[in-house]
Structure formats: C-alpha cells, structure tokens
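**Q** If you're matching them up, the sequences are chains L and X in order.
Throughout the first sequence, residue numbering follows the working numbering, covering 1 to 236 in sequence.
Throughout the second sequence, residue numbering follows the working numbering, covering 1 to 78 in sequence.
Hints in this document: simulated from the structure, not taken from any laboratory.
Be aware that a few hints might be false.
[To be verified] Per label pair, the in silico range of CB-to-CB distance:
#, chain 1, residue 1, chain 2, residue 2, range
1, X, H30, L, E200, 44 to 54 angstroms
2, L, C120, X, K34, 45 to 55 angstroms
3, L, D26, X, T26, 42 to 52 angstroms
Just so you know, even glycine gets a beta-carbon here, dropped at the ideal spot from N, CA and C.
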Amino acid sequence: MTSKFGATQIGLVQFPGSNCDADCIDAFKRLFQIDLQLIWHEETSLPSRLQGLILPGGFSYGDYLRSGALASISPIMQAVKGFVGKGGSVIGICNGFQVLTESKLLPGALLKNDSRKFICEYAHLSVAGGDSVYHRKLKGSLYKVPIAHGEGRYYVDSEGLKKLGANGQILFQYAGTDGVLSEASNPNGAISHIAGIVSENGRVLGMMPHPERASSELLGSADGQKILEAFLETVG
Amino acid sequence: MNYEVIVELKPEVLDTQGRAIKEALTRLGHHDLKSIKVTKRFVLEIDGTEVDAEKLVRKLAEEHLANSVAETFQTKRL
Chain L
1 MTSKFGATQI GLVQFPGSNC DADCIDAFKR LFQIDLQLIW HEETSLPSRL
51 QGLILPGGFS YGDYLRSGAL ASISPIMQAV KGFVGKGGSV IGICNGFQVL
101 TESKLLPGAL LKNDSRKFIC EYAHLSVAGG DSVYHRKLKG SLYKVPIAHG
151 EGRYYVDSEG LKKLGANGQI LFQYAGTDGV LSEASNPNGA ISHIAGIVSE
201 NGRVLGMMPH PERASSELLG SADGQKILEA FLETVG
Chain X
1 MNYEVIVELK PEVLDTQGRA IKEALTRLGH HDLKSIKVTK RFVLEIDGTE
51 VDAEKLVRKL AEEHLANSVA ETFQTKRL
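If we strip away everything but chain X, and leave its shape as in the complex, we get (with noise of 0.2 angstroms):
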C-alpha cells in the first residue's frame, strides 16, 4: 500500500522559501500571484493490513516526518 504525508509549515510560522519563489515569480509580472506556500510530500510503501499501515504512517507522520513545533501533516492513502 502507498501513502502520501503532505508536511507543511504552520500557517503562524514564515515560510522563507515560499515568500522567496513568491517574490521572484512577482518580479516577473505575475501580479496576481498573491503567496506561495511550500509543502514537503513523502510517499511511503508499506506492507501489513490497512490498520496497521494506516497506524504506522501515522506515527512516522507525528513523530519523524514532521516537526510538530513547527509543521503540521496530512496523510492519505494513494
């Protein structure tokens, strides 16, 4: 089975590469560009039933594949 984990930066916290692109792409016209969030996408294959798959993403999602201070996660089975 695969997974998808989407992390991204909590909303309170600069996301200094979003504002960068942002900014760049704003200098080439594109005036109604108005932000640019930048996410992390992880797609994880695993074996086992789909409880315990689902169970596993989770706790990687929480406890590695996201800083909890700073990001948030979405998991979703693909």
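Only chain L is shown next, with the shape it has when bound in the complex (with noise of 0.2 angstroms):
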C-alpha cells in the first residue's frame, strides 16, 4: 500500500514521560508511511524540512505543577511556538493537548474531570460547525476514538467559549452513539461538551481523545485514520 502522504516531514516531540509516542510511530508508519521524526524535548529547533509536528499524550514530567505546564516551558517549545507563528500545522493529543493550553497556543485549560475519576473508555465525537480544514473534512460523521485522561474537562470562561463558538473553533464534542448531545455523553464535564478545538488559523488543533488508538479495525476502531488524515491535509 502507498500513500500520498509518504514523503510528507512529520516530527513528534518526546517529553520526560510521553507515552502514547510509539503509538502514533505505528499509526503514521502503517496508515500513511510516514517515519516520523523524533524530537527530545531538550532540542532547542525543529527539523528545517518540517511540515506539521505531534504533541503526543502521556504525563509529561510526572504532570507535576498541572499538566503540561512543565512542557510548556520545555527547551523545544521556544521553537514550536515560531513553527505555529509561520502558519505550521500540529496536532496535540491528550497530554499534548494540555501542553498547547498551557503553552497559551490554545484557549483555556484542561481541569480534573467532574466525577474525579480517571477515564479510560470509548467516545464518540461530533464535529461542530467551522470552516477549518478538520471541519471541512470530518463534518456529517461520528468518529469512535477512546479517550484515557484523569484532566480533561476542557474549560475556558463564557467570553471565550463565545469567541470559540463565533470563530468556529470547536472542532470536537462528545455526544452519544446517537448523535446527540447529552449530559449522559459529556464523560468529563467539558464545558459545551468540548473534545477538541483549532486555532484561529485553523492549523492547531487539540484534542483528548486519541486518535492514534483508533487507527486499526482490530482494536475497535479505524475512526480516527480520518483525523489524522485531516492533520496532513493541513500540511502545507
């Protein structure tokens, strides 16, 4: 199998205590074969070449001080941030969610989940209304991606989620099976059901779930193949 995405530069930053790096080794090597380009975190410049770059889930220095916040002053984020400056595209999943919150190149924060409890199960996500590249190739279907977190209720004031709603920044909510909104679908208590937002630019895009574990039928569900193939169609 080929893929159009093959020559594609795709880098992935390694912190102390990522742990979902090798799941998307995997994900990006047997969907797309892409080798992406491992990054450790005490680099200080990406790869000249590079095309988009993944944040990957796991608990970044032990999650001390509040997730991703410890990342988020990593010696490597100096040079993520002028990557994002440029127009650059990244996917930060879960943990890499966080660290874009606590990096300020996303909106809000990602607090303990409301029924305090570590989640580690499947849900399934809506796509809102936007005119981003994720929204305009993922709108009209449900994606089944498991979600794994203890923080991930997003959260952002009421001026903000306006701004989000008015700019077509929410990419993801969770709803259920059906569809449908429903406090019985919010597994974390995220404000607007929130899974997943872009950037204003659209090329940012944070999520909880965890679309390189829903990347092969044989273990539940090949749904996020289509998120992480709206990534790369970021790519510029």
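Two chains, two frames, some hints: make the complex.
**A** Below is the structure:
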C-alpha cells in the first residue's frame, strides 16, 4: 500500500513521561508510510524541512504543577511557538492538548474530570460548525475514538467560549452513539462538551481523545485514521 | 527572603478535590462542614533586593505557578 502522504515530513516531540509516542509512530507508519522524526524536548530547534508536528499523549514531567505546565516551558517549545507563528500544523493529543493550552497556543485549560475518576473508554465525537480544513474534511460523521485521562475537562470562561463558537474553533464535541449531545454523553464535564478545538488559523488542533489508538478495526475502531488524515491535509 | 504563593481555583470553577474530601468527611458525620476548598501553597526562597524579589514572585506566580484561565493567586512575604 502506498500513501500520497508518504514524503510528508512530520515530527513528534518526546517529553519525559510521553507514553503515546510509540502508538503515533506505529499509526503514521502503518496508515501513511510516514516515518515520524523524533524530537527530544531538550532540543532548541526543529528539523528545517518539517511540515507538521505532533505533541503526543502521556504524563509529561509527571503532570507536576499542572498537566502540561512544565512541558510548556521545555527548551523545544520556543521552536514550536515559532513553527506555529509561521502557520505550521500541530496536533496535540491528550497531554499534547494540555501542553498547547499551557503554552497559550490554544485558549482554555484542561481541569480534573468532574467525576474525579480517570476515564478510559470510547467516546463518540461529533463535529461542530466551522470552516477549517478539519471541519471540512470531518463534518457529517461521528467518530468513535478512545479517551484516557484524569484531567480532560475543558474549561474556558463564557467570553472565551463565545469567541470559540463565533470563530468556528470548536471541532469535536462528546456526543452519544446517536450523535446527540446530552449530559450522559459528556464523560468529563467539559464545557459545551468540548473534546477538541482548533486555533484561529485552523492549523493547530488540540484534542483529548486519541485518534492514534483508533487506527485499526482490529483494535475496536479505525475512525482515528480520518482525523490523522485531516491533520496531514492541513500540512502546507 | 521567603515568599508564599497560594493558588486556588476561581470560585466559578468546580473544585473536584474539595468536593470529594467534603463529601467523605460529611459521611463521617461532620454535618456542620459546609465546604472545603483545596489550594496549593508554594514557598519560594529568593535572593536580591526586596523590590526585585517581590517582582519576581509576582511574575512567577502569574506566568507559571497559577494558570490564569482557571486559577487565582495571592503572594505574601514570610
């Protein structure tokens, strides 16, 4: 199998405590024939031809201070901010989303789940209104993707929430298997059921669910493939 | 010089730990207990002049020790 994305230069930042890096390496290799370029957090620059970047899940720095807080001031993050500033594409998954909010590359914060439990289960994601590449590629379907987090309750104040809605920055919302948003379908108490948001330019995506873990029917769902494909479509 | 920084969730943000502890203690029969708020306390030891130290404490609290999206902080010289 060949992939039109095979020559795409994608990097993955490894922080001490990242633990979903191997899942991403496997998914990108198997689905798209892309060998991810691994970047240690102590590096101060990104590979020059890099087109897209992944911040993986895990427990960077043991979640000390707040999830993602210490990773957000890692040496590599200045280069990541520069990459984003030039319109680079980044996907932050789970802890990667927390790193993006702590770095102020995305608005809001991820707080302890309202149930106070670590949740590891499938979520069903509906796609909200918006005009980013992600919205256009993914709209109209429901995506079955696992979540695994203790601090995934997305929070932003009411003004920030209005802005996200007005800008079309809300991408994924936790829904029921019928696609309807109800209290029962919101696993962690996230405001407006938010599971994933994009930046104003649509190039930076942060999401709590793990698309790389939904990359094979054999493992329960392959719906993550379309999400990872959409990420590759954003890469310029 | 030593300084203390207390960080707490904004009142409108659900404090899940505080709620869990309060509920558990209420189960023990402490019904006069109305609520518990969990905060974080940081103690910072800082060199330099008092003016600079206070500025630094504020900067560190604002930019790193608290997340202004969901938390507030107070600083105090010990």
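**Q** Now tell me, hint by hint, if it's right for this structure.
**A** Hint by hint, here is what the structure shows:
{"no.": "1", "hint": "X:H30 x L:E200: 44 to 54 angstroms", "in the structure": "holds, 49 angstroms"}
{"no.": "2", "hint": "L:C120 x X:K34: 45 to 55 angstroms", "in the structure": "violated, 34 angstroms"}
{"no.": "3", "hint": "L:D26 x X:T26: 42 to 52 angstroms", "in the structure": "holds, 47 angstroms"}
Checked against the numbered hints given earlier, the structure breaks only hint 2 and satisfies all the rest.
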